[in-house]
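J.: Chain by chain, the residues:
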Amino acid sequence: MTEMLDKLAASFQFPIVRYAMAVGVLTALCSSLLGVTLVLKRFSFIGDGLAHVAFGATAIATAVKLSNNVFLVLPITILCAILLLRTGQNAKIKGDAAIAMISVGALAIGYLVMNIFSKASNLAGDVCATLFGSVSILTLSTTDVWLCIGLSVLVVAVFLLFYHKIFAVTFDEDFATATGTRAKLYNLILAVVIAVIIVLAMNLVGSLLVSALVVFPALSAMRVFKNFKAVTISSVIISVVCAAFGILISIVADTPVGATIVAVDIAGFFLFSAAGLFTRRVAG
Amino acid sequence: MKRILSVLVAICLAGSLLSGCSGQGKKPAGGVDLDLSILGSVVAYSQLVTILQNSDDYLGKTIKIKGQYYSTYFEQTGLIHHFVMVGDEASCCQQGLEFIWKGGYPEEEQTIDITGVLETYEAIGNIYVRLALTELTVHS
Chain X
268 MTEMLDKLAA SFQFPIVRYA MAVGVLTALC SSLLGVTLVL KRFSFIGDGL
318 AHVAFGATAI ATAVKLSNNV FLVLPITILC AILLLRTGQN AKIKGDAAIA
368 MISVGALAIG YLVMNIFSKA SNLAGDVCAT LFGSVSILTL STTDVWLCIG
418 LSVLVVAVFL LFYHKIFAVT FDEDFATATG TRAKLYNLIL AVVIAVIIVL
468 AMNLVGSLLV SALVVFPALS AMRVFKNFKA VTISSVIISV VCAAFGILIS
518 IVADTPVGAT IVAVDIAGFF LFSAAGLFTR RVAG
Chain P
610 MKRILSVLVA ICLAGSLLSG CSGQGKKPAG GVDLDLSILG SVVAYSQLVT
660 ILQNSDDYLG KTIKIKGQYY STYFEQTGLI HHFVMVGDEA SCCQQGLEFI
710 WKGGYPEEEQ TIDITGVLET YEAIGNIYVR LALTELTVHS
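Sequence order for the protein chains is X and P. Here this note's numbering is used: the first residue of the first sequence is 268, the next is one more, and so on. Here this note's numbering is used: the first residue of the second sequence is 610, the next is one more, and so on.
No wet-lab data here; the hints were simulated from the structure. Heads up, some of the hints might be wrong.
Said to hold, decoys possible - Dumping the calculated DSS-like pairs for lysine-lysine here, alpha-carbon to alpha-carbon at most 30 Å: (1) K670/P x K711/P; (2) K675/P x K274/X; (3) K432/X x K496/X; (4) K274/X x K670/P; (5) K496/X x K451/X.
To be verified - Here are some chain X residues the structure puts well away from chain P; computed CB gaps all over 12 Å: (6) I327; (7) I349; (8) V371; (9) C395; (10) A435; (11) E440; (12) A443; (13) K451; (14) V519; (15) V524; (16) L538; (17) R548.
As the list claims (entries may be wrong) - One-sided and incomplete, this derived list gives chain X residues near chain P with beta-carbon spacing under 7 Å: (18) A277; (19) S278; (20) I283; (21) L405; (22) T406; (23) Y453; (24) I518; (25) D521.
Glycine residues also receive a C-beta, built at the ideal position from the N, C-alpha and C atoms.
Turn these sequences into a full structure, and let the hints guide you.
T.: Okay, here's the thing in structure tokens:
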């Protein structure tokens, strides 16, 4: 136990570990905020699709040697999010098919571009790091951290300022439109915010595991709580605690950061499922 | 007002999480600026990558690293170059750092602890980074 604490204390002497914890907590907070809305709107898998788009865009940004990938990855991901969320209902290729098409298409193009243009000697390692976020979160620069803080503040601000509108659009879009809420505009805002979250979360858990950050905290909270506000607040708490524990376990046990966070999220889901079962039995 | 307050709280939280991030930590005993040998493999690998990506910030610093020894002959320089390799537990990612040592070199793939000062050198028209060792210990 003392050895583990010593290892943690030694690790936290290094800025990269403190950056990882700060970015991890902020990313978990943002992803869980919108996670509830995505799960309720039955868009759980959109995170996966957008993350694959972000992977493809990252590969292209690397190929054209951009100094900061975010400036290409973010606009492309936002564009795809708008295409998927806004035109999903009227498009000829509907919801799940469009997500599947964009998802695998971007993944394949990304891997192809990386193979053709990358001069890195450790291509498998690069792909592994981008897909599973094995150590990406631990190699952040100060610019990355401040960018994450800025984007996180933006996401939290948008959610708090438009909370009631997001609530209305989440539960009954048609009713919201009929009562004068500009549902299309709020869907557009949601699409942009979701894209920002996906790009942020890719650093933490990699593009294949992003959906877990969006879905698990919301589903865990829904096992116990039954109203939107309570589910959202508890989802945020679960997500932040799981991310922090995941990073700490990863440092102590030398496990991949992204996969460890998702494993803790899964454990949290089972814990809350058991708690939900228990409270229902006691109540009924 | 309540919402604006919440946003301000969020900004303060982010700021407090990062407080003290700019420093490199206290200088450990023995004159070593950065001791990567006491870290787990995931953090040690990540820190080594950070050092190499921002090598200008670390030039002249004394660094201690634990890893596996490898050597390879480069035709361009006509010399044998020596490396310490640090990888994560799953060997998904590995990073090497070149070093020079005045004493005898260990056998290939032996686990070593090395301490030295980070410096640059010029070869075949390029600038490279390496560790000039003051200490090398081979693990049995």
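J.: It remains to establish, for every hint, whether it holds in the given structure.
T.: Do the hints match the structure? See the list:
1. For the given pair, K670/P sits about 19 Å from K711/P by alpha-carbon distance, which is consistent with the 30 Å threshold.
2. Taking the CA atoms of K675/P and K274/X, the gap is about 15 Å. The hint holds against a cut of 30 Å.
3. The hinted pair formed by K432/X and K496/X meets the criterion: a straight-line CA distance of about 13 Å does not exceed 30 Å.
4. In summary, the hint linking K274/X to K670/P is supported, as the alpha carbons are separated by about 22 Å, within the 30 Å threshold.
5. Among the hinted pairs, K496/X with K451/X is consistent with the structure: their alpha-carbon atoms are about 23 Å apart, no more than 30 Å.
6. Against chain P, the non-interface label of I327/X holds: every CB pair exceeds 12 Å, the least being about 21 Å.
7. Distance check on I349/X: its Cβ is at least 25 Å (rounded) from any Cβ of chain P, clearing the 12 Å threshold; non-interface status holds.
8. Listed as outside the interface, V371/X is consistent with that label: its C-beta sits roughly 23 Å from the nearest C-beta of chain P, beyond the 12 Å cut-off.
9. With 12 Å as the threshold on Cβ separation, the claim that C395/X sits away from chain P is violated: the shortest Cβ distance comes to roughly 4 Å.
10. No Cβ of chain P approaches the Cβ of A435/X within 12 Å, the least distance being about 17 Å, so the stated non-interface status holds.
11. Its beta-carbon lying about 23 Å from the closest one in chain P, E440/X satisfies the requirement of being farther than 12 Å from that chain.
12. Every CB of chain P is more than 12 Å from the CB of A443/X (nearest about 20 Å), matching its label as outside the interface.
13. Every Cβ of chain P is farther than 12 Å from the Cβ of K451/X; the closest lies at roughly 23 Å, confirming the non-interface assignment.
14. Look at V519/X: its CB is around 7 Å from the nearest CB on chain P, not clear of 12 Å, so calling it non-interface is violated.
15. Remark: the non-interface label on V524/X conflicts with the geometry, its nearest Cβ contact in chain P lying 7 Å away (cut-off 12 Å).
16. Every C-beta of chain P lies more than 12 Å from that of L538/X, the closest at about 25 Å, which supports listing it as non-interface.
17. Every C-beta of chain P lies more than 12 Å from that of R548/X, the closest at about 36 Å, which supports listing it as non-interface.
18. The beta carbon of A277/X is positioned within 7 Å of a beta carbon in chain P (closest approach about 5 Å), and the interface hint is therefore held.
19. With 7 Å as the threshold, the beta carbon of S278/X comes within range of chain P, its nearest partner Cβ sitting at about 5 Å, so the hint holds.
20. Given the 7 Å rule on beta carbons, the hint for I283/X holds: about 6 Å separates it from the nearest Cβ of chain P.
21. Residue-level restraint check for L405/X holds (minimum Cβ-Cβ distance to chain P is 3 Å; threshold 7 Å).
22. Evaluation of the T406/X hint against chain P yields a held restraint, the C-beta minimum of about 5 Å falling below 7 Å.
23. Checking Y453/X against chain P by beta carbon gives a least distance of about 16 Å; that is not within 7 Å, so the hint is violated.
24. Interface restraint check for I518/X: the shortest CB-CB distance to chain P comes to about 6 Å, inside 7 Å, so the restraint holds.
25. At a threshold of 7 Å, the smallest CB-CB gap from D521/X to chain P is about 4 Å, leaving the interface hint in force.
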